[in-house]
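Okay, here's what each chain looks like letter by letter:
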Amino acid sequence: MHSTLVRAQNVFGFFTTVAFCTALLTALSVLLTPQTPSTTIELRNVQVVKGRPHYYSPKKEEYAHIKFDLDADFTSLFNWNTKQLFVWITATYPSSNTSSSAPPSQAIIWDTIINSHSQSHPFNPLELFRKAPTPTKKSKKSTTTKKQEPELQPGIIRLKNNKPKYQITDISGTLSDRTNVTLEVGWNVQPWVGALTWTLPEGTQLGRWKGVKGGKSKVFNMPALKGKSANSETIVASGGTPKAAEASAVI
Amino acid sequence: MADELLQQAQELFEGQIDFEGQKKTELISTMILAVSGLLAFILGFVQQNIYVTLWAGLGGAAIAFLVVVPPYPFYNTSPEKWLPKGSGMAGSGIEIDGKRIN
Chain L
876 MHSTLVRAQN VFGFFTTVAF CTALLTALSV LLTPQTPSTT IELRNVQVVK GRPHYYSPKK
936 EEYAHIKFDL DADFTSLFNW NTKQLFVWIT ATYPSSNTSS SAPPSQAIIW DTIINSHSQS
996 HPFNPLELFR KAPTPTKKSK KSTTTKKQEP ELQPGIIRLK NNKPKYQITD ISGTLSDRTN
1056 VTLEVGWNVQ PWVGALTWTL PEGTQLGRWK GVKGGKSKVF NMPALKGKSA NSETIVASGG
1116 TPKAAEASAV I
Chain E
3 MADELLQQAQ ELFEGQIDFE GQKKTELIST MILAVSGLLA FILGFVQQNI YVTLWAGLGG
63 AAIAFLVVVP PYPFYNTSPE KWLPKGSGMA GSGIEIDGKR IN
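Taken in sequence, the protein lines are chains L and E.
Throughout the first sequence, residue numbering follows this note's numbering, covering 876 to 1126 in sequence.
Throughout the second sequence, residue numbering follows this note's numbering, covering 3 to 104 in sequence.
Hints in this document: simulated from the structure, not taken from any laboratory.
Some hints could be false.
[Claimed, not checked] Mimicking SDA-like on lysine to any residue, the simulated pairs with C-alpha atoms at most 20 Å apart in a straight line are: (1) 25(E) x 878(L); (2) 26(E) x 884(L); (3) 25(E) x 876(L).
Predicted model only: the values in this text are computed from it and were never measured.
Throw the hints in and build the complete structure from the sequences for me.
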């Protein structure tokens, strides 16, 4: 500590240690926040159609077009250290009907990224020193007349009769008449510092974190190829044919 | 003249402080950094805002740099009292193996 350079080096060296310890505390503090995610996923409508992977492909494959309802409450996954949440829906079905030893096939039909409040509202301390704009008469009026909308907590998803983002196919090229298909919701929490965490299955518990409530749809079967027979759609909605997509996401 | 200037510039650049000052800087830098790190975490956790942690930690580090790095006069208050020049040479009475050394 005898000269300027040595002091600067020592202070910076210890600062890196302190920064690491603070980050470690932050990462561990996440375990203190309880997590109680819950989802309800249901199939609306599924169709299997023939198609090509791209326009010039000579290969024809079968594609499943799965419409679904999703009601999810992931608000408890957003703690102070959460940067964003990645949510997806997979269709899971047995790889083959004959051998049960093969692991099931899974394909993602829909996904989304939900930003946390800290991600969408970055805080810059320089803003504190910047002069606040002097309020004019006009702005005063607008603030009084305009209602301040309450900030929505991120993590609520409400989707009705939602179209899939991805039409899925199988490695074998055929998807019609597959049985035992379920839709599953998965997620990945991406923190500012610390470890990534993935879906906790239903019934499990990790400290204060509870496994997902719901998370799986009822089992359904893929219909026959569209156009081959009259009954080529599996419609689960109780009120007859579903209306045209009325998707509304509150994210 | 040029030599004197050069020496002054070098002293300014090196910014040396005395032994007591070194002890003080060690203690002060450790305290400021450790307390600011802990405070940053607590403030951020209470306010549930990760940016508070980030900027409080960086602010604490900046303060530590400002307080400790420049050679302030209060780090030079107790200079070491060295023996006068040449005092060790003229029969100071150092004995090695029973012999006086001059």
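Decide if the proposed pair is consistent with the structure: residue 25(E) and residue 876(L), CA atoms, cutoff 20 Å inclusive.
-> Given pair residue 25(E), residue 876(L) holds - Cα atoms ~8 Å apart, limit 20 Å.
Quickly compare the C-alpha distance for residue 26(E) and residue 884(L) to 20 Å and report which way the hint goes.
-> Distance of about 16 Å is within 20 Å: holds.
With a cut-off of 20 Å on the C-alpha distance, tell me whether residue 25(E) and residue 878(L) pass.
-> holds (13 Å)
Checked against the numbered hints given earlier, this structure breaks none of them.
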